[in-house]
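4 protein chains.
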Amino acid sequence: MKQIRGVIPPVLTPFKANGDVDYDAYCRNLEKWNSYPLAGYLVLGSNSESVYLSEEEKLELVDLTVKAAGQRLVLAGTGLESTRETIKLTNKAARLGAHAALVLTPCYYGSRMNDAALIRHFTALADSAQIPIMMYNVPRFTHVNLSLKAVEELSRHPNIAGMKDSAGDVAQLVSFQRVIPAGFNLMVGTASVWYPALTLGLTAGIMALANCCPDECVQMQTFWENGRAPEAEALFRRLSPVNAAVTAIFGVAGLKFAAELLGYSAGHTRSPLQLLTAEEQSRMRQILSEAQLI
Amino acid sequence: MKQIRGVIPPVLTPFKANGDVDYDAYCRNLEKWNSYPLAGYLVLGSNSESVYLSEEEKLELVDLTVKAAGQRLVLAGTGLESTRETIKLTNKAARLGAHAALVLTPCYYGSRMNDAALIRHFTALADSAQIPIMMYNVPRFTHVNLSLKAVEELSRHPNIAGMKDSAGDVAQLVSFQRVIPAGFNLMVGTASVWYPALTLGLTAGIMALANCCPDECVQMQTFWENGRAPEAEALFRRLSPVNAAVTAIFGVAGLKFAAELLGYSAGHTRSPLQLLTAEEQSRMRQILSEAQLI
Amino acid sequence: MKQIRGVIPPVLTPFKANGDVDYDAYCRNLEKWNSYPLAGYLVLGSNSESVYLSEEEKLELVDLTVKAAGQRLVLAGTGLESTRETIKLTNKAARLGAHAALVLTPCYYGSRMNDAALIRHFTALADSAQIPIMMYNVPRFTHVNLSLKAVEELSRHPNIAGMKDSAGDVAQLVSFQRVIPAGFNLMVGTASVWYPALTLGLTAGIMALANCCPDECVQMQTFWENGRAPEAEALFRRLSPVNAAVTAIFGVAGLKFAAELLGYSAGHTRSPLQLLTAEEQSRMRQILSEAQLI
Amino acid sequence: MKQIRGVIPPVLTPFKANGDVDYDAYCRNLEKWNSYPLAGYLVLGSNSESVYLSEEEKLELVDLTVKAAGQRLVLAGTGLESTRETIKLTNKAARLGAHAALVLTPCYYGSRMNDAALIRHFTALADSAQIPIMMYNVPRFTHVNLSLKAVEELSRHPNIAGMKDSAGDVAQLVSFQRVIPAGFNLMVGTASVWYPALTLGLTAGIMALANCCPDECVQMQTFWENGRAPEAEALFRRLSPVNAAVTAIFGVAGLKFAAELLGYSAGHTRSPLQLLTAEEQSRMRQILSEAQLI
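Protein chains in written order, with the working numbering: chain E, 1 to 294; chain G, 1001 to 1294; chain Y, 2001 to 2294; chain F, 3001 to 3294.
What the hints contain is simulated information worked out from the structure, not anything from laboratory work.
Hints may be right or wrong, so weigh each one.
30 Å max Cα-Cα, derived DSBU-like pairs, lysine-lysine [unchecked claim]:
{"hint": "1", "chain 1": "E", "residue 1": "149", "chain 2": "Y", "residue 2": "2149"}
{"hint": "2", "chain 1": "Y", "residue 1": "2088", "chain 2": "F", "residue 2": "3092"}
{"hint": "3", "chain 1": "F", "residue 1": "3016", "chain 2": "G", "residue 2": "1149"}
{"hint": "4", "chain 1": "E", "residue 1": "88", "chain 2": "G", "residue 2": "1092"}
{"hint": "5", "chain 1": "Y", "residue 1": "2088", "chain 2": "F", "residue 2": "3032"}
{"hint": "6", "chain 1": "G", "residue 1": "1088", "chain 2": "E", "residue 2": "16"}
{"hint": "7", "chain 1": "E", "residue 1": "92", "chain 2": "G", "residue 2": "1149"}
{"hint": "8", "chain 1": "F", "residue 1": "3016", "chain 2": "Y", "residue 2": "2088"}
{"hint": "9", "chain 1": "Y", "residue 1": "2092", "chain 2": "F", "residue 2": "3149"}
{"hint": "10", "chain 1": "F", "residue 1": "3032", "chain 2": "Y", "residue 2": "2016"}
{"hint": "11", "chain 1": "E", "residue 1": "67", "chain 2": "E", "residue 2": "32"}
{"hint": "12", "chain 1": "Y", "residue 1": "2032", "chain 2": "Y", "residue 2": "2092"}
{"hint": "13", "chain 1": "G", "residue 1": "1088", "chain 2": "E", "residue 2": "92"}
{"hint": "14", "chain 1": "F", "residue 1": "3067", "chain 2": "F", "residue 2": "3149"}
{"hint": "15", "chain 1": "G", "residue 1": "1088", "chain 2": "G", "residue 2": "1002"}
{"hint": "16", "chain 1": "Y", "residue 1": "2149", "chain 2": "Y", "residue 2": "2067"}
{"hint": "17", "chain 1": "E", "residue 1": "67", "chain 2": "E", "residue 2": "149"}
{"hint": "18", "chain 1": "G", "residue 1": "1067", "chain 2": "G", "residue 2": "1002"}
{"hint": "19", "chain 1": "Y", "residue 1": "2016", "chain 2": "Y", "residue 2": "2149"}
{"hint": "20", "chain 1": "F", "residue 1": "3032", "chain 2": "Y", "residue 2": "2092"}
{"hint": "21", "chain 1": "Y", "residue 1": "2016", "chain 2": "F", "residue 2": "3088"}
{"hint": "22", "chain 1": "G", "residue 1": "1002", "chain 2": "E", "residue 2": "16"}
{"hint": "23", "chain 1": "Y", "residue 1": "2092", "chain 2": "F", "residue 2": "3067"}
{"hint": "24", "chain 1": "G", "residue 1": "1016", "chain 2": "E", "residue 2": "92"}
{"hint": "25", "chain 1": "E", "residue 1": "2", "chain 2": "E", "residue 2": "32"}
{"hint": "26", "chain 1": "Y", "residue 1": "2067", "chain 2": "Y", "residue 2": "2032"}
{"hint": "27", "chain 1": "E", "residue 1": "88", "chain 2": "G", "residue 2": "1088"}
{"hint": "28", "chain 1": "E", "residue 1": "67", "chain 2": "E", "residue 2": "16"}
{"hint": "29", "chain 1": "E", "residue 1": "88", "chain 2": "G", "residue 2": "1016"}
Model the full structure from these sequences, guided by the hints.
Written as C-alpha cells, this is what we have:
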C-alpha cells in the first residue's frame, strides 16, 4: 500500500426522521466532498454511527462510497468485537472495493484486551484479510489504548499498513513514530492535534472536522507543506474551538448540526444518540460564528 | 411479570477449538443445570460472550435454551447499541419464547449516554417489545452507570419489569430499592454481594458464579430464607474468592476454566478473548482447592 | 489494643468566618456528642478538614479531644505524605494522649505507591510509633486503594491494630476480613454500608454521618446486636440518602450544613473548600426533611 | 513580571541515606546547572519531593536557591491544600527572595474543587501574595484539571503572572493560549511536548528532564529559535524515551537515578518513595544508552 498523504473525513451517516439511512443525502455529501482535494474517505467510522448500522446498511454505504470516490482511497471501518466476524465483514467490504480496513480495537472485555489478545486479534485478521488492515485506536470510546509494544509488533505485519490514533496525545504519536517501520501509515485521528502532527512529520489525518470543514483541514496541510507555517498554525488555532465542539464537547450530534449549517445533509442521529438541545445548538452557532464559518 | 425469586446463571457459550459454537456442549450444560433448583437462565449475557456471536448464533442459543428450560424463566440478552436493532432482536427472541429481555445500556458514545438518551432508549424499546424489558447495568464493561433518576423513571414503565445491577455497589442497590415501585425486579448481578443483597431483601440474582457453582449459589439463598444466616454467610465467605476469580480477576476465561474443572463443558473462548495462561490456570486451581470445590 | 466496638465520628472542625479554628465550638460539639454512647472520636480525619490545619492547630485539637473524651477512645489522623513527618506527628499526638493513630495512605506520587512502598511506609511507622497504628484507606480522596496483599501483610504487624476502609465496597470488606488475623480492627469507614457491615460481623465504624446523626448510627448497631434486624435495616434505609448527601454528593460542606441544622456548631469550611450554595442548601434541607430529621 | 523565555528545571532534592536533606549535594547541583544557560529554577516542585519536606527544609532550600541563582529567576512551589497556609508560605518564600510562586491546585477534596473554589483560592492568594503567582496544573498527581473558564478568569488577575501546565495535552495548551491575555506566561510543564510547544509559540518550559539533561532541553529551544527546526525535532525525538522514563514510567526515582548517572548528586528518595529496583535500573541504563547519553 502506498504512503497516504492528505486528509480523510470519517464520513457521517445521515438518517431520516424515521431512523432510516438517508442514502440520497449520503451521496449528496460525497459529491460535495469530491469537490475538495481530500485523500479519501473513511466509511463506517465512529462518526458514521457505525455501531448503530446493520450489516446490510454498512455494505450499502461501502458500495456507495466506492462508487463515488473515484480515484480516492476508501477505508472501511469493519472492526467488530469478534475476530471471526471482523474477518467476514472486512472481506465483504473488500469485495465491494474498499482499499483497506480500519479496525477498532475490541473493547468489551477491556481488562482482558491485553497485548497478547490484541496482537492475536489483529494478526489473525491481517492473515485472513483480502485488503490491508489498519488499526484504529480511540480510547475515548473504547477505554482501550494500544501499547507501544503492540504497535511495534503489529506494524511489522506485512498486511498491516497503518494506524489511526485518535488519542489526541502528541507524545504518544511521537513514541509510535519511533517504533513503526518506514512506510507504515501512522495517521492522526483528530484535528485537535493536526497542526502539531504535521510539524512532527505525519502526512495523513482522519478527522471528524473534515466532514464540515474539509477545505480548512486540507489547507492546513497545504500551508505547512508549502513552507507557510504561520498560516497553517493560524488556521489551526481558528478551527480548534470548532473541532472541540464537534468532537469532545458535543460529539457526533454536534458534528451533524455544524455540518448542516455548513451546507451538508447530515440529518438525524440514530437513537439512542440524541440531537443537540436548543441550548447546545445555540452554543454551537456561536462557536461557528466566532470561527468565521457562519 | 411475576416476582422473580432465585438464582439465574448467565450461561456461558462453549466454543469448539475452531471457534464455532458447540451447541451440543451447550445443551449438555443446560441439562446439568436443570438438575439444580435454578430460577431460570440468562442467555446472551456478558458471560455468554454475546458480543462475539452472530445474530444467527444468538437466536439458535435462545431457541435451545427455551426448549431446555422447561418451566424455568428464560431471559435473553438482546441489547445492542442502536434502539432499532435492539427492538428487532428482542422481538425475534420473543418469538422464540424468551420470557423477557435483559438489555445492556448502550455505551459506545459514553459521554452522550446521559439520562435523556438512556430513558428514551429504554422507553422506545419497552414500548415496542413483545416481552417485558429489564435493564442491565454493568459499568465494568460499559463504563456507563444508570443514574438513580433514570432508574426511578424507567422502573415505572409498564413494560419494564426489572433490572440487573452488576456494579457490585451495595449502597447503590439500596438507593435503587428506594426509588423503584413494588413488584419491580431488582436483581443483583454479581455473587460478590449476593449475601449482602439477600440481607437487604433482594430475592433474585443473576451471577456468573452460578455457571460453575449453581448449588452453592442457590444454597446461600435457601439458608438465608430458612433463618440460617450464619450458614449463608459462611458459604458466601467460602465462595467469595472463587467468585472474584471467575469475574474481576480472570473474567470469562476464568469462569470457563473453573466450569470445566467442575464438570461442565465450557470449551474455548472465542477470539480475541484468550484462554487462561498456564500460570493463571494454576492460580485458579489453587483458589478452587482452597474453597474445597476440587 | 482491645477490640473496638461501636460508632466513632470523624469529628468536624468548626471554623470562624475569618478562617480561624473555633475551638469553643469544637468543645461544645464534643460535649454534645458525649451525651451519646459513642465508642470514641477520630480527630484529624478527612471530615476534620485535616489537610487544611497547621500542626499547631492539629495538636490543639488532639489535646482538646483527649481532655473531653473521658474514657472514650481517641484516634488521631496523623498521616502525612512522608514517613518521617508522619512518625513525628504520630508521636506528638501520642504524647497528648491519643490512643491510636489513623494514618492515610500517602498518595501524591500515586503510581509509585505500590505494595512495596506502602508496606514499607506503614511498617516503618508502626516500628517507631508509641501508639498503635491503623491504616486509613479512602480511594475517593487519595486515588490509592490498599491491596489485599498489603492488608494481609500489614495486619500482622504487632503495632498495627486496625484499618478504616472507606471504599464503600462490601466485597472488598469481605476479602479483607478473610486475610486479617483475629483481633485486627477492621472498621467500615462510611455509613453507606454500615448495616451490611454489621450483618457481616464488623463491630465498628467511623462514619461522617455520626457527626450529625450520632444516635441513629449507634441505634443501627444496637438494633442489630439485639436481634432486631428489621429495625436496623429500616433505620439504615431512612438515613441512607442523608449519608449520601453529607458525603459523596456535598462532602464536608454538606455535612457541616446538616450538622448546623441538627444542633451542632459546625461553622464555616476553610478555604478553598466552599460552603453550600443556596440551591444545595435547599436540596439538603429537603433530604433531611424526607428523612424526618428536621 | 517580564516574559519568561527558556528552560527551568524543577530541581530535585537530594536526600542522604538517613533521610535528611543533603544540602551540600543540592548546592553542588545548582553550581553545575549554573554552567548551563537555564532561565531559572523551580524549587519545591513535584520533582523536589516537596510534599515530603518540612517547612523549615522548604525555606532552607528556597534560601539556598536564591543565593545560588544569581540573575536567574527563582520560582518557589508554595502550594498547600489551604489558602491561608499557602499565603503564609508564599510570603515567607517572597521574603527569602523568590521571584514568584508556582502554586499547585488544591486537590484533596477533588470533587469539590470546581471552578468557583479554585478561582477563589487563587484570587485570594494573588490578592495577598507579595510576589506574583503562577498556577500549577498537574492532573497526573492531583486528579484535578484547571478548566478553560478558570484559566481565562484567573489569567486576568494583575498578580497572576503565569501557569505551568503539565497535563501533556497539546490541544489543551492551544485552548489555554486562546483565552489568556498577552504577557501571561503559559509554560509547558513536561518535556514530553516541549518541541510541539515551541512550534506553537510557547517560549518557556519547566521540565523534569532539565534536571539531568539541561543542555539538551535548552538546545531544542535554541535550534528552534534559530530556524533549525529539523535539529530541534531530532533532538526531541532522541530525548523522548528518556523523558518518559524520568516522568511517567519511573517518576522521581527514575529521574534521580538518571541524574546520578549523568553527573548530578541526586541521592536517595525520601520514604515512602522508593528507589528504583535493580531491574528498573537496568531498563533505565538501557534507555539512557540508546539515547546516547551514557
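Here is what the structure says about each hint:
With a CA separation close to 29 Å, the supplied pair residue 149 of chain E and residue 2149 of chain Y stays within the 30 Å bound. Pair hint residue 2088 of chain Y plus residue 3092 of chain F holds up; C-alpha atoms about 23 Å apart against a cutoff of 30 Å. Between residue 3016 of chain F and residue 1149 of chain G, the direct Cα distance comes to roughly 56 Å. Violation of the 30 Å bound is thereby established for this hinted pair. For the given pair, residue 88 of chain E sits about 23 Å from residue 1092 of chain G by alpha-carbon distance, which is consistent with the 30 Å threshold.
In summary, the hint linking residue 2088 of chain Y to residue 3032 of chain F is not supported, as the alpha carbons are separated by about 34 Å, beyond the 30 Å threshold. Simply put, residue 1088 of chain G and residue 16 of chain E have alpha-carbon atoms about 18 Å apart, close enough for the 30 Å limit, and the pair holds. Note on residue 92 of chain E and residue 1149 of chain G: the hinted pairing is violated, with a Cα-Cα distance of about 43 Å set against a maximum of 30 Å. A hinted pair counts as satisfied when its Cα atoms are at most 30 Å apart, and residue 3016 of chain F with residue 2088 of chain Y qualifies at roughly 18 Å.
For the proposed pair residue 2092 of chain Y and residue 3149 of chain F, the alpha carbon gap of about 43 Å is over 30 Å, so the pair is violated. A distance of roughly 49 Å separates the Cα atoms of residue 3032 of chain F and residue 2016 of chain Y; the hinted pair therefore is violated under the 30 Å criterion. At roughly 14 Å between alpha-carbon atoms, residue 67 of chain E and residue 32 of chain E fall within 30 Å of each other, so this suggested pair holds. The straight-line distance between the Cα atoms of residue 2032 of chain Y and residue 2092 of chain Y is roughly 27 Å, inside the 30 Å bound, and the hint therefore holds.
Under the criterion of a C-alpha separation no larger than 30 Å, the hint pairing residue 1088 of chain G with residue 92 of chain E is consistent with the structure, at around 23 Å. Between residue 3067 of chain F and residue 3149 of chain F the alpha-carbon distance is near 38 Å, which puts this suggested pair outside the 30 Å criterion. With a CA separation close to 25 Å, the supplied pair residue 1088 of chain G and residue 1002 of chain G stays within the 30 Å bound. About 38 Å separates the Cα atoms of residue 2149 of chain Y and residue 2067 of chain Y, which puts this hinted pair outside 30 Å; it is violated.
The hinted pair formed by residue 67 of chain E and residue 149 of chain E fails the criterion: a straight-line CA distance of about 38 Å is larger than 30 Å. About 21 Å separates the Cα atoms of residue 1067 of chain G and residue 1002 of chain G, which keeps this hinted pair within 30 Å; it holds. Between residue 2016 of chain Y and residue 2149 of chain Y the CA atoms are separated by roughly 43 Å; this puts the pair beyond 30 Å, and the hint is violated. Proposed proximity of residue 3032 of chain F and residue 2092 of chain Y is contradicted: the alpha carbons are some 40 Å apart, above 30 Å.
About 18 Å separates the Cα atoms of residue 2016 of chain Y and residue 3088 of chain F, which keeps this hinted pair within 30 Å; it holds. Note on residue 1002 of chain G and residue 16 of chain E: the hinted pairing is violated, with a Cα-Cα distance of about 39 Å set against a maximum of 30 Å. Of the supplied pair hints, the one linking residue 2092 of chain Y and residue 3067 of chain F is violated, its CA atoms being roughly 34 Å apart against a limit of 30 Å. Straight-line distance between C-alpha atoms of residue 1016 of chain G and residue 92 of chain E comes to about 25 Å, which keeps the hinted pair within the 30 Å bound.
Under the criterion of a C-alpha separation no larger than 30 Å, the hint pairing residue 2 of chain E with residue 32 of chain E is consistent with the structure, at around 26 Å. For the suggested pair residue 2067 of chain Y and residue 2032 of chain Y, the alpha carbons sit about 14 Å apart, so the restraint of at most 30 Å is met. For the given pair, residue 88 of chain E sits about 22 Å from residue 1088 of chain G by alpha-carbon distance, which is consistent with the 30 Å threshold. Annotation: proposed proximity of residue 67 of chain E to residue 16 of chain E holds, straight-line Cα distance about 22 Å (limit 30 Å).
As the CA atoms of residue 88 of chain E and residue 1016 of chain G are separated by approximately 18 Å, the hinted pair is consistent with the 30 Å bound.
Checked against the numbered hints given earlier, the structure breaks hints 3, 5, 7, 9, 10, 14, 16, 17, 19, 20, 22, 23 and satisfies all the rest.
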